[in-house]
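Enquirer: Next come the chains, spelled out residue by residue.
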Amino acid sequence: MELTRRNAMIMGAGVLVTFGLPMSATAAGEDQIAAFTGGAEMGDSGITLTAPEIAENGNTVPIEVSAPGAAEIMVLALGNPTPSVATFKFGPLAASQDASTRIRLAGTQEVVAIAKMADGSFAKASSTVKVTIGGCGG
Amino acid sequence: MISRRDFLQTSMAATAILGASSYGEWGRLAAQQALTQDQLLQFETFGNVSLIHVTDIHAQMKPIFFREPSINIGVGDNKGHVPHVTGADFRKLYGIEDGSPSHYALTSGDFTALAKGYGRVGGLDRVATVINAIRAERPDALLLDGGDTWHGSYTCYHTEGQDMVNVMNALGPDAMTFHWEFTLGSERVNEIVEGLPFAALGQNIFDAEWDEPAELFPPYKFFERGGVKIAVIGQAFPYMPIANPGWMFPEYAFGIRDEHMQEMVNEVRSQGAELVVCLSHNGFDVDKKMAGIVTGIDVILSGHTHDALPEPVLVGDTIIVASGSNGKFVSRVDLDVRDGRMMGFRHKLIPIFSDVIAPDAEMSALIDEQRAPYLDQLSEVIGQTDSLLYRRGNFNGTWDDLICDALISEREADIALSPGVRWGPSILPGQGITREDIWNVTSMTYGAAYRTGMTGEFLHVVLEDVADNLFNPDPYYQQGGDMVRTGGLGYRIDITKPQGSRITDLVLLKTGEAIDPAKTYQVAGWASVNEGTEGPMIWDVVENHIRNRGTVSVDPNNSVQVVGA
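Each protein sequence line maps, in turn, to chains A and B.
According to this note's numbering, the stretch in the first sequence is residues 12 to 149, in order.
According to this note's numbering, the stretch in the second sequence is residues 281 to 845, in order.
Simulated from the structure, these hints should not be mistaken for laboratory data.
It cannot be assumed that every hint is accurate.
Derived contacts from chain A toward chain B, CB cut-off under 10 Å, selection only [to be verified]:
1. Ser56
2. Thr59
3. Pro63
4. Ile65
5. Arg115
6. Thr119
One side of the interface only, derived from the structure: several residues of chain A facing chain B at Cβ under 8 Å [claimed, not checked]:
7. Ser35
8. Thr61
9. Glu67
10. Pro73
11. Asp130
12. Lys141
13. Ile144
Virtual Cβ for every residue (Gly too), placed ideally from N, Cα, C.
Let the hints inform the model, and build the full structure from the sequences given.
Expert: Pasting the structure below:
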């Protein structure tokens, strides 16, 4: 198919409808966090989530999580229809407890990473990733 | 509550008072040579290192007029802080006398009268004179170019940036970083960068596929100057594939990447850097935030948002220097670096008054050589203007009002959209508008003027999206452009609201009716970041419009009501 202006605009329009406004978190995400932590308190240190502030392409957003000493790290995109992204499990012989992947975001939203530490405690990091139509850069 | 109308009335009142008391005086100031090259260059050499910063030249090789913005609203922590202070408030803040050279160079008020007195600014042959003078005092001064250099003019477009490459190579920078350069397309950028006789830096320029630092753009370079080991770290514009067409450079990814910046600072410090300079195209507010997060940077040379500040801004131990745009300023920063740290600085933002600073003859010849093949095209007068034509301002500028008028009339549209870019010189009332002038405010590699149907709801989403790029309280979520300019469409904006509820009261100006979310309107615009956009080139649309009118004038624009500033 030849990409005409009309098609480009239609595609742009289709994308916009979903990108337009920040996606609010769904109950599904909260449920998954509760299931993972068993409702335990979460600290905010010991885990780093690296994500772009504004996504260059909402369909493939590179993220990286790191939590030294973690047994598991769960990543959620709270605004996606299906918030679950991945849960990384680290065995006792793992040299480091970090992972990187690319995720698809339905729109501007909060990405959350929760680490379950070896001692059973939890730590949480979050980052807002904006998905925008762009243009108009000075 | 300050409405757009209040802004206009305030600025007009100021103009009237100043104009009445001293109109005509300033013309004589320059004529009497009250201002001299020696005064502009006067600087007591300090310490052991000199940095020279130029940025956002946008291919302006010749002297131009450039009006600074009268509306530049800061949000969040930056509300009321420079560079979000304009006009009389700016002059008061820095103790600048009304009608003085600094008034003309740094602020917007009474621009036309002052421009007639003080004349044009910029010109790379004048910039060369200033750089040579600094080098005469400090032969090993570092010259650093903040980018947006190979974009923005008729000759730059037609030579794919070669004119600027030739001229800048003669100026001899030591390093450069990037933004609009990438809109030449990655193939052309790679070709130029491979042949550059200086460092092309960008710690945040990554390979898009592997998410690893791009080989062609090293993160930093070491220099040994004045017995000091200096590391210059590059920071390209973070949001290139978002603000500009990413399909033109799909191999590259960017982003702020302040964690990687910290790693680079740590790396150069561990290799013995005594002075760490960040050559940045982040934009001022992003640089300010980054300076508060990344530790160990001594100097940030800030570009992108085109701010010109007479003094550096301090964040912790970091000084941030903003050097304007379009060749209008050169910053000189002298530093005293001892025992592995910066002990003090002396700074001057040098305005390039082109009637005061003598052009460097060799550079003049080189510039003319670049322009010679195109002179007939450049100099053709298309029409006249009765109004001052300028671009800068958060919501509109008269140049964009004219461009929107052209889009509506030439493309038979209800509504026009024009991108909120910050480049583009000004034209005085009574001046002829040449083809070069039109290209100076429209030239780009994706200039097709589209025409398409958009629903009222879609228009609202577009305005909300762009507004958040400007007024998100967190600078890291801003892209550094101004608000998309609208023609034929009025709206109210409350900048304190979150995305989705800032924009209300959309009105179709030609009928005065409220915009219906379900109704489709014919919209003409340009600079779409979508691949395959079709339409005549915007410079042709504007040229036809001006030619048809003969003489253009732009009425005051009261179509945007601003709340919460």
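Enquirer: Determine for every hint whether it applies to the structure shown.
Expert: Going down the list of hints, with the structure as the test:
Evaluation of the A/Ser56 hint against chain B yields a violated restraint, the C-beta minimum of about 16 Å exceeding 10 Å. At its closest, the beta carbon of A/Thr59 sits 8 Å from a beta carbon of chain B; the interface hint therefore holds under the 10 Å criterion. Interface restraint check for A/Pro63: the shortest CB-CB distance to chain B comes to about 5 Å, inside 10 Å, so the restraint holds. Hint status for A/Ile65 relative to chain B: holds, with the closest Cβ pair at about 6 Å, below 10 Å.
For A/Arg115, the shortest C-beta to C-beta distance to chain B is roughly 16 Å, which exceeds 10 Å, and the interface hint is violated. At its closest, the beta carbon of A/Thr119 sits 8 Å from a beta carbon of chain B; the interface hint therefore holds under the 10 Å criterion. The interface hint given for A/Ser35 is broken, as the beta carbon of that residue sits about 11 Å from the closest beta carbon of chain B, more than 8 Å. Interface restraint check for A/Thr61: the shortest CB-CB distance to chain B comes to about 6 Å, inside 8 Å, so the restraint holds.
Checking A/Glu67 against chain B by beta carbon gives a least distance of about 4 Å; that is within 8 Å, so the hint holds. A distance limit of 8 Å between C-beta atoms decides the matter here; for A/Pro73 the minimum to chain B is near 5 Å, and the interface restraint holds. A cut of 8 Å between beta carbons decides the hint on A/Asp130: the least distance to chain B is about 26 Å, and the hint is violated. Taking 8 Å as the C-beta cut-off, the interface hint given for A/Lys141 holds, the closest approach to chain B being about 5 Å.
With a cut of 8 Å, the hint placing A/Ile144 at the interface with chain B holds, because the nearest CB-to-CB distance is about 5 Å.
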